[in-house]
Amino acid sequence: MSVNEAPARAEAPPARPAVDPAPPVPPYREITVAAMVLGIVVGTVLTASMTYAGLVIGFVVPASAIAAILGWGLLRGVLRRGSVVENNINQTVASAVNNTAAGVIFTFPALFLMDGVSFSPWAIGLASVAGAFLGTLFIIPLRKQMVDLERLRFPSGIAVAEILRSPGASSAKSMYLIGASVVAFVVGMATNAGLVPAEVDLGKPLGFPAYMPNVWAISLLSVGAGFLSGRAGLTVLAGGLLANWVLAPLVVQLGWVPIPEGAEDVESVLAGTIFLEMIRPLGIGLLIGGAVAGVALAAPMIRAAFAALETGAARKDGDELPIGWMYGGTLGALALLFAATYLGAPEIGFLRATVTAVIGTVWMWLAGVIVAQCTGMTDWSPVSGLALLAVTVVLVVSGGSVGLAVMIGAAVCVAISQGADMMTDLKTGHLVGSLPRRQQGAQLVVSWIGPIVSVLTVYLIWETMGFGPGTNIPATQAVALQQMIEAIQGGNVPTTKYAVGALVGALLTFATGGGLGVLVGLSMYLPVNYVLPYGLGCALAIWVAGRPTGKQWIANVGIPVAAGFLVGDSLAGVIFSFVELLKG
Amino acid sequence: MRLRANVLLSLGTILATLGGARLPEVEWRLVAIGCLVLVAGGWMYRAAGRRERENASGADLDLLASLRRVVEELDALNEQAPSIDLAAIAERLEALDTGAMGQVGEAIPRQIAVLGGARFAEIFGAYSAGERLVHRAWSAAIDGHRPEALHALAEGSQRIRESLTLLEGTR
Chain A
1 MSVNEAPARA EAPPARPAVD PAPPVPPYRE ITVAAMVLGI VVGTVLTASM TYAGLVIGFV
61 VPASAIAAIL GWGLLRGVLR RGSVVENNIN QTVASAVNNT AAGVIFTFPA LFLMDGVSFS
121 PWAIGLASVA GAFLGTLFII PLRKQMVDLE RLRFPSGIAV AEILRSPGAS SAKSMYLIGA
181 SVVAFVVGMA TNAGLVPAEV DLGKPLGFPA YMPNVWAISL LSVGAGFLSG RAGLTVLAGG
241 LLANWVLAPL VVQLGWVPIP EGAEDVESVL AGTIFLEMIR PLGIGLLIGG AVAGVALAAP
301 MIRAAFAALE TGAARKDGDE LPIGWMYGGT LGALALLFAA TYLGAPEIGF LRATVTAVIG
361 TVWMWLAGVI VAQCTGMTDW SPVSGLALLA VTVVLVVSGG SVGLAVMIGA AVCVAISQGA
421 DMMTDLKTGH LVGSLPRRQQ GAQLVVSWIG PIVSVLTVYL IWETMGFGPG TNIPATQAVA
481 LQQMIEAIQG GNVPTTKYAV GALVGALLTF ATGGGLGVLV GLSMYLPVNY VLPYGLGCAL
541 AIWVAGRPTG KQWIANVGIP VAAGFLVGDS LAGVIFSFVE LLKG
Chain B
585 MRLRANVLLS LGTILATLGG ARLPEVEWRL VAIGCLVLVA GGWMYRAAGR RERENASGAD
645 LDLLASLRRV VEELDALNEQ APSIDLAAIA ERLEALDTGA MGQVGEAIPR QIAVLGGARF
705 AEIFGAYSAG ERLVHRAWSA AIDGHRPEAL HALAEGSQRI RESLTLLEGT R
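First to last, the sequence lines map onto chains A and B.
According to the working numbering, the first sequence is numbered sequentially starting from 1.
According to the working numbering, the second sequence is numbered sequentially starting from 585.
Rather than coming from a laboratory, the hints here were simulated on the basis of the structure.
If you want the footprint, here are the derived chain B segments under chain A, 3+ residues with CB under 8 Å: (1) 590-598; (2) 614-623; (3) 684-692; (4) 696-704; (5) 711-718; (6) 721-731.
Calculated from the model, a selection of chain A residues having no Cβ within reach of chain B, i.e. all distances over 12 Å: (7) Ser-49; (8) Ser-118; (9) Ala-198; (10) Ile-461; (11) Glu-463; (12) Gly-470; (13) Met-484; (14) Leu-536.
This structure is a prediction, so every number in the text was calculated from the model and none was measured.
Glycine residues also receive a C-beta, built at the ideal position from the N, C-alpha and C atoms.
Let the hints inform the model, and build the full structure from the sequences given.
Below you can see the structure in the form of structure tokens.
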């Protein structure tokens with residue numbers, strides 16, 4: 001391996017002016033104009049594209065891996081001067097701008113589809129911006145606990161770090177990364193385009209009833225994420241099997257699932273009812289109870305992290321962003337959220353607006369912790385379920401104001417997406433040696449851009465093309481939220497299921513002293529077709545680690561291949577989205 | 585005992601969630617029984633953990649030995665770094681990262697229960713900060729920036745040494 005060197009620092013100042021002084025050593029490139037501008041441009045283009053694509057195909061893909069690959073091409077290839085940590089800043093910025101698209105497309109478009117609901121798009125934009133700031137600010141004090149101490153895996157963070165480190169990795173490792181990316185890209189494009197089935201139903205030939213799904217998604221991303229999660233992820237498989245292969249047949253045998261009269265495909269009706277009305281609400285409850293118990297158990301470590309922040313605030317070269325920024329920023333963002341709430345729905349009055357803004361802020365913190373933990377342990381984040389809970393709570397607090405509830409829901413979605421993204425990027429930063437405070441500062445400076453681009457894009461699409469059922473842009477996520485809101489307005493809120501789930505989640509976490517409640521909750525929340533290939537990846541990692549040279553093989557082959565699966569599948573999602581965009 | 589605890593935890597989860605799943609009304613008696621089984625399982629799980637920790641002095645010694653090896657290797661590299669090329673520094677750091685540092689990293693989360701949250705955070709907070717700086721030294725070496733590589737290596741070694749001193753103080 002050959003490396004072009006910058007000269008070492010002079011040991012002592014020269015006694016007199018040198019005749020031929022050595023050129024000054026430029027500082028190590030980290031937070032630079034090039035990295036920031038490239039990140040903002042890539043993030044903005046992807047945000048607008050993903051907002052449109054998300055309305056068409058129902059999902060979005062993260063920007064980190066794409067930004068890291070483009071970063072190498074442009075920073076080092078074209079500008080001839082990029083460093084590993086500079087590219088880390090570039091991908092941190094790009095993903096900070098882009099990741100808000102998911103939060104906006106799940107919530108905001110629903111308002112256009114509902115008759116008689118008044119709302120203000122600019123107030124929603126303002127609330128989403130407040131959410132973006134709060135989501136980032138709330139998660140920063142938890143970096144030490146989640147990345148440094150609990151050492152959560154953050155599979156996507158590892159995958160992006162592999163890309164960032166690829167110029168210095170051995171050629172064999174780079175080949176594994178590239179080869180696996182190509183394979184996952186081809187498979188991802190083929191499944192997206194419908195050339196091969198997106199999933200395989202093994203249940204039918206084996207005689208499984210429809211309410212006991214044995215369906216495997218053709219998703220190398222899931223296998224890769226499972227491999228990178230390792231043993232912790234196996235709990236997700238166990239929880240998924242418990243929910244779908246133990247609970248589901250038991251409730252059917254006990255006759256606890258009502259079957260509507262005249263239903264034709266009874267098994268499919270049972271499957272839908274069991275997942276949507278039993279398992280999913282219990283899973284959401286488990287997530288909440290598990291997370292609250294986890295925060296209580298981690299209180300000493302969180303206090304230590306805050307103490308470190310206070311100490312760091314006194315030092316100019318501390319690891320973290322000064323805590324004053326966090327307090328000031330949080331107050332500012334809270335004021336912004338209050339302004340959006342009060343001005344967006346003046347009919348609810350000052351007091352209710354204040355209560356709503358405070359509840360929204362508290363929920364953003366708790367939901368942010370939950371999502372960051374889930375992402376850290378498994379790479380999956382239950383954003384939609386937590387946003388739905390926020391919508392439910394605000395509907396109650398605001399006396400039924402749908403516009404306000406969806407606005408807070410959008411802010412919460414954006415906040416938790418930002419929090420999870422920040423923590424994933426900080427994990428990547430840990431692996432390549434970036435300074436956390438620089439990543440945190442870079443993300444804070446740009447986090448307002450994504451919500452504005454995304455809200456404007458949705459508004460523009462509505463005004464020019466329209467979306468919803470019967471159009472070329474079905475907006476499936478927004479339609480789902482619309483249906484849920486209508487169910488909530490009809491009094492159909494499974495509060496007892498949430499409560500039982502929360503109790504079980506808290507007990508599991510207190511019992512084992514870890515994140516067990518959150519993991520089991522997540523496994524019940526997720527569709528089993530992704531849990532199964534994910535579990536396969538986990539099992540593979542555990543089996544390999546148990547072999548005599550297994551750990552070495554994992555470091556040299558397994559991790560680059562698994563990271564390649566994540567990168568290739570994400571790239572396929574982006575390319576497919578662009579194709580859909582061009583078609584539109 | 586650990587196996588029995590896991591069986592009880594699984595059984596408790598099944599019973600409580602089964603009771604909670606019932607439509608239209610929750611079967612509260614089943615939920616209560618499940619929660620009691622969960623509490624019993626949790627009690628056994630924690631008791632098993634305490635027993636394992638009492639017999640785990642060997643594992644603690646392994647961690648301490650691994651951490652000492654990391655510090656020794658970093659000290660040696662610090663000494664030689666000014667006179668060897670950056671590619672060699674990067675190679676040795678990578679070997680250290682997948683070797684002794686990897687072993688320490690894997691053992692760290694288990695120490696929460698042994699040391700308690702605050703003490704654990706103090707000791708391994710310093711270690712993780714040092715580990716990040718060692719990664720930074722690798723990145724700088726790959727990027728050809730010798731001053732940053734040497735600076736990060738020296739600072740990272742110092743933080744990891746702090747962590748070793750603190751850990752030795754608890755033994």
